[in-house]
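> Spelled out, the chains give:
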Amino acid sequence: MTAGWVLGAAALLAASVTVQANWLHRAPPRDLPAVLYLRSPAAARRVALSFDAMAADLYWMRALQHFGETRLRASGQKTFEDLYPFLDLTTSLDPRFNVAYRFGAIFLSEAPPGGPGRPDLAIALLEKGLVHNPTRWEYHQDIGFVHYWWTGDYAKAAAAFSRGAATPGAPWWLKSLAAVTLAQGGDRRTSRLLWQALSQSADSDWLRRDADRRLRQLDALDQIDQLSAVVDRARGAGVGAPWSWALLFERGLLLRLPVDPTGTPFAIDLTSGRVGVSRQSPLWPMPTEPVAGPARGVPAR
Amino acid sequence: MTLRLVRAVALNTFREAVRDRVFYNLLLFAVLLLGASLVIGQLGAGQDVKIIKDLGLAASLLFGVGIAIFIGIQLVAREVERRSVYPTLAKPVGRGVFLVGKYVGLLLTLAVNMAVMTIALFLVLAVYWQLTPANVQAVWTAPAVDPRLLIALLLIYVELAVVTAIALLFSTYSSALLSATFTTAVWVAGQFVQDLRTLETIGVSGPTAWIASAVSWVLPNLALFDVKAEVVHGVPVSALQVAAAIFYGIAYSGALLLLAVAIFRRRDFK
Chain A
1 MTAGWVLGAA
11 ALLAASVTVQ
21 ANWLHRAPPR
31 DLPAVLYLRS
41 PAAARRVALS
51 FDAMAADLYW
61 MRALQHFGET
71 RLRASGQKTF
81 EDLYPFLDLT
91 TSLDPRFNVA
101 YRFGAIFLSE
111 APPGGPGRPD
121 LAIALLEKGL
131 VHNPTRWEYH
141 QDIGFVHYWW
151 TGDYAKAAAA
161 FSRGAATPGA
171 PWWLKSLAAV
181 TLAQGGDRRT
191 SRLLWQALSQ
201 SADSDWLRRD
211 ADRRLRQLDA
221 LDQIDQLSAV
231 VDRARGAGVG
241 APWSWALLFE
251 RGLLLRLPVD
261 PTGTPFAIDL
271 TSGRVGVSRQ
281 SPLWPMPTEP
291 VAGPARGVPA
301 R
Chain B
1001 MTLRLVRAVA
1011 LNTFREAVRD
1021 RVFYNLLLFA
1031 VLLLGASLVI
1041 GQLGAGQDVK
1051 IIKDLGLAAS
1061 LLFGVGIAIF
1071 IGIQLVAREV
1081 ERRSVYPTLA
1091 KPVGRGVFLV
1101 GKYVGLLLTL
1111 AVNMAVMTIA
1121 LFLVLAVYWQ
1131 LTPANVQAVW
1141 TAPAVDPRLL
1151 IALLLIYVEL
1161 AVVTAIALLF
1171 STYSSALLSA
1181 TFTTAVWVAG
1191 QFVQDLRTLE
1201 TIGVSGPTAW
1211 IASAVSWVLP
1221 NLALFDVKAE
1231 VVHGVPVSAL
1241 QVAAAIFYGI
1251 AYSGALLLLA
1261 VAIFRRRDFK
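Residue numbers (the numbering used here), protein chains in the order written: chain A, 1 to 301; chain B, 1001 to 1270.
Hints were generated in silico from the structure; no laboratory data involved. We put the CB at the ideal spot given by N, CA and C, even for glycine. Any given hint could be a false lead.
Covered stretches of chain B (chain A as the covering partner; in silico rule of three or more C-beta atoms under 8 Å from a C-beta of chain A) [as the list claims (entries may be wrong)]:
| no. | segment |
| --- | --- |
| 1 | 1058 to 1064 |
| 2 | 1187 to 1194 |
| 3 | 1227 to 1235 |
With the rest of the complex left out, here is chain A (with noise of 0.2 Å):
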């Protein structure tokens, strides 16, 4: 008897499988936009009862996956929508988050396609952070960095870096960042400077390997640079189009294979002879560099 009830229940499950594994396999993949049940953060505190901090874990792991899930999409448009709220959302349920605000920072400044663009949010995140955390250098740094690297606003980027220089407990460095910053804005030696001291001051490992990757799309940079030149020279020597590596090697100008720091091949266009990362390298997207050129006026206080 019991037997029978054990069997009938076994096949049940086994239906339930088969039909779920069928209509897996079949239906198409659907991109579902991120809900967002909750926008205000007074609402969030308030429903989340003395649960807060779980609360704010969670939105967080929504940010890196809605980030994630937004920026490796093949298609459709990558709007990032929901970025911002989520991450105001983490920083209000706790607002000593600290990595929400410094990593949602450079989320929300990486430019299309990898990012939303949004520099002015980034600001705006880390302000908050400032509001709740006044001792943290670490935002005026990070402030200071998203005005120099996206905005391209020099003068801002060196005040941000002296206010956090002023700070209690503030590396040296910064004082000096700030002054380079406004004398070189723009130079790579000035971008890897900054890209160091952000490794260095990283209070997390994904921060840290960000910076890292940064450090090595510029070495990528200089690369390209110089893979240019080889390419010029070509062209004064009267080579042309179908531009290829293997055209370079014929020629001399090459003695192997260029690959980036990451050991991919960088590529180069068929038709122009421009060079550059591959899109399957992990260093694309490049980033576009600042302008060089010092800072005009005077650094907002």
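Following the hints, position chain B against chain A.
Chain B in isolation, oriented as in the chain A frame:
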């Protein structure tokens, strides 16, 4: 004599909880903690230790409140329903002793539950601590195995003692379903005490604001026991704050317990 009777009732309540498989929740807690620690490493972007601490503390509170409410409301109601309260009270065990014994018994159950949860949480954190490279540990705002977590867990326990007292009070004169509803409502309202006191800041004035303010002093201010976020971020919690919260919890629970005894003594069992 009275203490011996309280102890006997308390131990009996504890044994009953064991028989009722209350501690099965620990299995769920362990699965939740271990499962989360395996998954969170992939999802949390380096925030695994913070998230495990948050999860461990939140689950300790949630499971504890669940036990405090759902066992607390049955403490008296079930004895009356089964009629086992008659021989107990006729032994003679005073009604006050009976009620206090029941309360202490549930506190003992909660203490054992919390102790096991604490050990499980510290074990998972210790494993994380061992597996995490030193350069990653260097940027943690608080160490993985942080004794300060015990402060948060202690205050959670005091909060559970208050919730148990609320459940016991309601269960002395109300049905189990209503007691559960009332206790849950008071527990939720207890999180908003500060909001009730500052209603004027959102434009509410006159009698509504006065009544809200008066109610806020009667409701348990459960936010006083919440130092989870501070502890997880390594922010110091003053000894005075902890001592004051513990004193408040004991005083409030004591008041509710006395009220419950007063009601229970007047109750007519027919």
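> Looking back at the hints listed earlier, which ones does the structure fail to meet?
Failing hints: none at all.
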